[in-house]
Amino acid sequence: MLSCRDVTTLLARDELSAAPLRRRLGVRLHLFMCEHCRRFSREITAIGSAMRGATRDDDLAARAERIADRLGEEIARLGGPGSDGTGPAGRPDGSGGSDQAQDL
Amino acid sequence: MGEDAALTRQIQQRQPAALDRVVRDVLPSLLRAARTAGLDADRADDVAQATLLVFLRRAHEFDGRARASTWLHGILVHKIAAERRALRREDGRDDIEDVIDARFDAAGAWTRPPCAPVLDVVRDELRRRIADCLEGVPDRQRLAFTLREVEGFDTAELCKILAVSPNNLGVLLYRARHRLRECLESTGVSGSADAVL
Numbered sequence: 001m002l003s004c005r006d007v008t009t010l011l012a013r014d015e016l017s018a019a020p021l022r023r024r025l026g027v028r029l030h031l032f033m034c035e036h037c038r039r040f041s042r043e044i045t046a047i048g049s050a051m052r053g054a055t056r057d058d059d060l061a062a063r064a065e066r067i068a069d070r071l072g073e074e075i076a077r078l079g080g081p082g083s084d085g086t087g088p089a090g091r092p093d094g095s096g097g098s099d100q101a102q103d104l
Numbered sequence: 001m002g003e004d005a006a007l008t009r010q011i012q013q014r015q016p017a018a019l020d021r022v023v024r025d026v027l028p029s030l031l032r033a034a035r036t037a038g039l040d041a042d043r044a045d046d047v048a049q050a051t052l053l054v055f056l057r058r059a060h061e062f063d064g065r066a067r068a069s070t071w072l073h074g075i076l077v078h079k080i081a082a083e084r085r086a087l088r089r090e091d092g093r094d095d096i097e098d099v100i101d102a103r104f105d106a107a108g109a110w111t112r113p114p115c116a117p118v119l120d121v122v123r124d125e126l127r128r129r130i131a132d133c134l135e136g137v138p139d140r141q142r143l144a145f146t147l148r149e150v151e152g153f154d155t156a157e158l159c160k161i162l163a164v165s166p167n168n169l170g171v172l173l174y175r176a177r178h179r180l181r182e183c184l185e186s187t188g189v190s191g192s193a194d195a196v197l
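Those sequence lines, one after another, are chains A and B.
With this note's numbering, the residue at position 61 of the first sequence is 61, and numbering never jumps.
With this note's numbering, the residue at position 108 of the second sequence is 108, and numbering never jumps.
No lab work stands behind these hints, which were simulated from the structure alone.
Do not rely on the hints blindly, as some may be mistaken.
[As the list claims (entries may be wrong)] Just so you have them, the derived chain A footprint on chain B, three or more residues with Cβ under 8 angstroms:
| id | stretch |
| --- | --- |
| 1 | 14–21 |
| 2 | 38–49 |
| 3 | 53–59 |
| 4 | 78–84 |
| 5 | 104–110 |
| 6 | 140–154 |
| 7 | 173–187 |
[What the hints assert, rightly or not] Here are some of the chain B residues that sit facing chain A, going by a computed Cβ distance under 7 angstroms:
| id | residue |
| --- | --- |
| 8 | ALA5 |
| 9 | LEU27 |
| 10 | GLY92 |
| 11 | ARG93 |
| 12 | PRO114 |
| 13 | LEU126 |
| 14 | ARG127 |
| 15 | ILE130 |
| 16 | GLY170 |
[Unchecked claim] Here are the in silico distance ranges between beta carbons for each label pair:
| id | chain 1 | residue 1 | chain 2 | residue 2 | range |
| --- | --- | --- | --- | --- | --- |
| 17 | A | ARG23 | B | ASP132 | 30 to 38 angstroms |
| 18 | B | ALA163 | A | LEU21 | 26 to 34 angstroms |
| 19 | A | SER49 | B | ARG84 | 23 to 31 angstroms |
| 20 | B | ASP95 | A | ARG38 | 22 to 30 angstroms |
| 21 | A | MET33 | B | ARG43 | 47 to 55 angstroms |
| 22 | B | ASP4 | A | ALA62 | 28 to 36 angstroms |
| 23 | A | LEU21 | B | PRO166 | 17 to 25 angstroms |
| 24 | A | PHE32 | B | ARG85 | 38 to 46 angstroms |
| 25 | A | ARG24 | B | GLU83 | 16 to 24 angstroms |
| 26 | B | ALA6 | A | MET1 | 48 to 56 angstroms |
| 27 | B | ASP46 | A | ALA76 | 30 to 38 angstroms |
| 28 | A | ASP59 | B | ALA50 | 18 to 26 angstroms |
All C-beta atoms, glycine included, are put in the ideal place defined by N, C-alpha and C.
Sequences and hints are given; from them, build the entire structure.
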């Protein structure tokens, strides 16, 4: 039987969708019976969706535009011969070791 | 989850139109993330630009297995963490754990159930309060939570971006959510009911 702490931890860690069916059903049953955990669940959902309007980014679009314009010069320079708008079929595949694994 | 094949090829070939599109698509979310991680607007601009320069120079290495935006956010976080200790530090002990402990008894049942007015606040008011409460959330937790809720990255993408294990990510999200909820509860409101959901 899952405790309130188990249930809220699963919810807060975002682990429910990846949990086994049995665990998910256990949580559902618990939420059905427990008003407090239901409230907790509704609260963190509401916080998550309100987050989308909570970041302060008034000047963001203008700044993004400026940076993109600056980078445009770099793009034109880097593009170089063979890729200045000649279309996707212009080059044979694998010209730059492109299937080299790239992890960060 | 990966990028579509045509775009991947165009990026690898450094086609200006494709690179420009990626840059413009992803810039707002990079700026938001950099600010979320605790940088001021000017430094956020610098880091986002530096990140995109890395991307442009290494575009031929892009393999399309992950979305370009996942790759880019990974570079961004790496760059910020190189400067900011707060972002690099793994979360060890955190005092929010004591607050959470006090909420439950030994059997894991609520001793102090949520009595927050969180749901009773009108949405704009909730947003304003969240923006205030976010300032009290450690940078790394705030970044993880924002990338999830605002930018919509899934668990695998977030683990890649933040270079953490799924378990570690869970801890970050768990602490951020509890912190925000506790903060909102403690600010107390006498708002009107049922306005949010």
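- Item | Violating hint indices (sorted, rising) | Of the numbered hints, 4, 8, 10, 11, 25, 27 do not hold.
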